[in-house]
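J.: For the protein sequence lines, the chains are A and B, in the order given.
With my numbering applied, the first sequence corresponds to residues 1 to 422, in that order.
With my numbering applied, the second sequence corresponds to residues 423 to 684, in that order.
Hints are computed from structural coordinates only; laboratory data are not their basis.
It is possible that some hints are incorrect.
Restricting the straight-line Cα-Cα distance to at most 20 Å, the calculated cross-link-like pairs of lysine-lysine (PhoX-like) are [as the list claims (entries may be wrong)]: (1) LYS182/A with LYS74/A; (2) LYS511/B with LYS455/B; (3) LYS86/A with LYS74/A; (4) LYS430/B with LYS43/A; (5) LYS110/A with LYS86/A; (6) LYS524/B with LYS511/B; (7) LYS430/B with LYS299/A; (8) LYS86/A with LYS221/A; (9) LYS250/A with LYS425/B; (10) LYS500/B with LYS575/B; (11) LYS299/A with LYS425/B; (12) LYS43/A with LYS425/B; (13) LYS430/B with LYS44/A; (14) LYS295/A with LYS250/A; (15) LYS455/B with LYS500/B; (16) LYS337/A with LYS575/B; (17) LYS524/B with LYS500/B; (18) LYS454/B with LYS511/B; (19) LYS425/B with LYS295/A; (20) LYS231/A with LYS290/A; (21) LYS524/B with LYS454/B; (22) LYS604/B with LYS614/B; (23) LYS430/B with LYS295/A; (24) LYS511/B with LYS329/A; (25) LYS637/B with LYS547/B; (26) LYS614/B with LYS547/B; (27) LYS500/B with LYS511/B; (28) LYS164/A with LYS250/A; (29) LYS231/A with LYS221/A; (30) LYS231/A with LYS250/A; (31) LYS337/A with LYS511/B.
Computed far set for chain A versus chain B, every beta-carbon distance over 10 Å [stated by the list, open to error]: (32) SER78; (33) PRO85; (34) GLU121; (35) LEU134; (36) ILE269; (37) VAL316.
It should be emphasised that the depicted structure is a prediction, and the values quoted were computed from it without experimental measurement.
Cβ atoms here follow ideal geometry from the backbone N, Cα and C, with glycine treated the same way.
The residues making up each chain are set out below.
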Amino acid sequence: MAVFVYNYNYYMEVFNQIFIYLALFVGLYFQVFMILTYFVWPKKEKNLMITDSILLPTVSIIVPCFNEGNTVEKTMHSLLALDYPKEKLDIVVIDDGSTDNTWEVVQQFKDNPQVRLFHKENEGSKFAALNFALDLISTEIVGCLDADSSVDSQALRHSVQFFKNDENVSAVIPAMTIDNPKNILQYMQKVEYEMITFSKKVFHDLESIYVAPGPFALFRKEVFDTLGYYKEAHHTEDLEITFRILMSGKKVAFSSESYVYTVAPRKLIPLIKQRVRWMYGFIKNMLDYKFLLFKTDYKHIGILVLPANIFGILSVLILVPLIAYSLIKSIYFFIEKTIVTGWIPGHVGASSWFFIDTRPEAIIRILTIVILITTIFLGRSILKKKYLSWDILAILIYPYISIIWTVKAIWNAIRSKKSAWR
Amino acid sequence: MLKSEWFKYVLSFLVTGTILVLIFYVSDLANKKRIEEMRSIQDNITIDLLSSETQFSLLNKSSCTQDSTSILSSEVNKLSERLGYMEEKFGSENANVISLKKNYSLLLIKDYLLMSELSKKCNIKPIFIFYFYSQDCEECRRQNYVFAALREKYPDLRVYSFDTSLDLSAINTLLTMNKVPKIYPAIVVDNKVYTGFKSIEEVESSSPELTKIIKDEAAKAAKAAAQTSVKLVPAVKGKEGLPVVEPEVEPADSATSNEAQP
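Kindly produce the complete structure, drawing on both the sequences and the hints.
T.: In structure tokens, the structure reads:
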């Protein structure tokens, strides 16, 4: 009997170790794949900017607003400042039942020939405002700009070339950055967006972008005419429409020189709420579209990108508590030691190679940080920003904050499934 | 469509596999080097012990003035530091750690025996501390910090620490000889047994001999500090009537032989 128990413990230990190293292998595999894609097999593109205005498509940009009186003016000015033939660019403002001064603020643009203003009753979700606007639009290209974001003047010119160069491109996404970060939370998001820029470029090279997020994503209008308008899709209609685009055999392109500046949530609670919304939307839409997984029809999306995302969520769930636990443990031991022995700076232990931690876990930890910094640097290089700045350190708090919204989003998803059955 | 891109998956797999294999290889190599270094320190200690023993047997009483054991204590401290690190990183269940610890404990006991002989024959009172601990005792972790700090503070102080969980018969004999109850941490100073956690100050004041050594060490350190701040001392007037400057140098052994006197 005792022998049986001993063996069981031993096998549990072995299984544990194997599981951990397997997970590490998988995580490292995705990173290696992405870095190899960037350096070894990037997509070679003929970047043909359309110089002849006649060839430029007609574009409408929808600006859905809900209580964004403070920021909508900047948004509007940046749209009107776009370097694009004025007669080919329409701006459709939808005031989605705002209770603040949004409607009054946008009145200043009513006499502009490019601008049309509309007011509608709030129906609880952005997708309704978008669909309302789609009925009023007949240009070739349609896009959306949230009222908390602004665009660079050349953004539209850079984006539309992708539609002309490849007829299979049904959507084009821009390079998003954080506008004027002021506190550590906003810097953290800024660095996060720089890392996301790198992954967008890589997914573009793999022709495997799976989401066209709201701010300044541009679509061919015919997408909505053939595939249908936006659906409710658990408050993440941008993800859902992209899944439909993928299923129709089309793809999304990334325009790395189209810069969009968005305001990042400044306080913790609004940030958590925003990210819970996004992650919850991803989980629910993924469940709705689970048949996409492991299919090779959508380039690398089914077999690499989506599984990598799901794996990422699961590993955050498991890793962060482990990291937090060992961090707290080492702080506890350090305090305990200092209480007993007093403060002894520069302990003699540091004086020999012997004491450098060379266990696999330690080396892998260092490797992870190296990969992280590489991702940030590459993102910055795509955005044409300088590599080194102190705000890189802000990413250190990211695991501890992302665990909060990850857990909440998964919890919400489980609860909603339970309530759906009743 | 995707068939043409299968090479990307294979290449990524190969690169990832190579990276992980390299990591494990480097880690394993470092480990082997560590164990090598510790075994070599242990060999040095064994040789030193043997040489002292032999010298002692050959020269009888006259070997009392020579003190090779102060070198020994720094080697022993080096080893105990490294053992502590190995235990922390690889766990006390690790086979290498256990074997090194057993070896280390036996070397300590040999050193103790040699020192007892020496002190009997040379009529000096030996100053040392026995520290017994075990694996599952909470206070022992804190007590370990105390002795690590003491070793650093007083490099010539002999602290023999024994892990009773090793269940080495020699250690068990020591326990019975010194009438140590199975309550850990247990300290034996000056033939008196103390159990339970003792802070740095409590250990320092636990025996008059120890306190004296500590006073001597402090005085020695103060003297050394005074020496370095006044480097040049005019000693005698030279032939030309100019003062000859002679830096005072303290011979290294006189300090240690001071300790041996009661």
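J.: Which earlier hints turn out false for this structure, listed by number in ascending order?
T.: Nothing - there is no hint that the structure violates, so all of them hold.
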